[in-house]
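Q: As a plain string of letters, each chain reads:
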Amino acid sequence: GQNIDQPTEMTATEGAIVQINCTYQTSGFNGLFWYQQHAGEAPTFLSYNVLDGLEEKGRFSSFLSRSKGYSYLLLKELQMKDSASYLCAVRAPYSGAGSYQLTFGKGTKLSVIP
Amino acid sequence: DTGVSQDPRHKITKRGQNVTFRCDPISEHNRLYWYRQTLGQGPEFLTYFQNEAQLEKSRLLSDRFSAERPKGSFSTLEIQRTEQGDSAMYLCASSLEQGANGYTFGSGTRLTVV
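For the protein sequence lines, the chains are A and B, in the order given.
Each residue of the first sequence is one higher than the last, beginning at -6 in my numbering.
Each residue of the second sequence is one higher than the last, beginning at 24 in my numbering.
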C-alpha cells in the first residue's frame, strides 16, 4: 500500500523560512518529488531526491531520508507568490509496465502573509 | 515547445451524458499519463501510455472510462454515463523517460457533472 502524509495547511510570513514535511510508507521507492500547485493550475516540478541528503535549488531545498521515510521542502526568503499547495509524490519502482507512476500526498496549502 | 495542452479547460455536463477530453503532450515525450484530482486531494493515477500502447490502468478507472492514444501522440479520455462523483480536475502529464524531472503536467480539464 501507499501512504503519504503532509500537513494540510501552513502559514508563514513574507521573508521568512518555512519547512514542509512529508512522511511516506510505500511498497517501493524510486525517488521523491515535490511539486508546486497554484489554485486552479497544473502542478509544476520543484525538486527530486532519490538518494539521502539535501538538494538545493535557489530558494528551494529538499531533503530525503530513505531509512526514515521522510522528506522536507525548505523554502527560504518567502515571497507572496509562494502561496500555493505543495505536493509530495513518491515514484514507484519499475512495474513491468514501465509506468513509474507517482503517488501524491494530499498537499500542503501554504499561505504567505505580509 | 508549448508544453502539455489540454482541451477543454472547463466542461459542465448533465449526469448521464458522455464527455471526451483531449491531451496533446510535449512532442518528443513517449510517456503519457492521466491523473484525476479532487478538491483538497493530490492527483490520483488513472492510466499510462507508452507510445500508443496503454500499459497500465488504475482500479479507479471504471468501465465507464476509456482512454486512447491512437498514433502515440495526442490522447483522449472519454467518460460515459457521467456521474456526479466524476466531477474533478483531469490532469494529463507527459515525460520522455524515467528521470529527475518527473512529469510535465497540463493545465487540466475541470469537469462538473450537474
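If you're looking for bench data, these hints aren't it; they were derived computationally from the structure.
Note that the structure is predicted; figures quoted are calculated from it, not measured.
A couple of the hints might just be wrong.
[What the hints assert, rightly or not] Simulated crosslink set (DSS-like; lysine-lysine; CA at most 27 Å straight-line): (1) Lys99/A / Lys61/A; (2) Lys99/A / Lys74/A; (3) Lys99/A / Lys34/B; (4) Lys99/A / Lys94/B; (5) Lys102/A / Lys34/B; (6) Lys102/A / Lys69/A; (7) Lys37/B / Lys94/B.
Q: Each hint needs a verdict: does it hold in this structure or not?
A: Each hint, compared with the structure:
no.: 1; hint: Lys99/A / Lys61/A; verdict: 20 Å, holds
no.: 2; hint: Lys99/A / Lys74/A; verdict: 21 Å, holds
no.: 3; hint: Lys99/A / Lys34/B; verdict: 24 Å, holds
no.: 4; hint: Lys99/A / Lys94/B; verdict: 34 Å, violated
no.: 5; hint: Lys102/A / Lys34/B; verdict: 26 Å, holds
no.: 6; hint: Lys102/A / Lys69/A; verdict: 16 Å, holds
no.: 7; hint: Lys37/B / Lys94/B; verdict: 31 Å, violated
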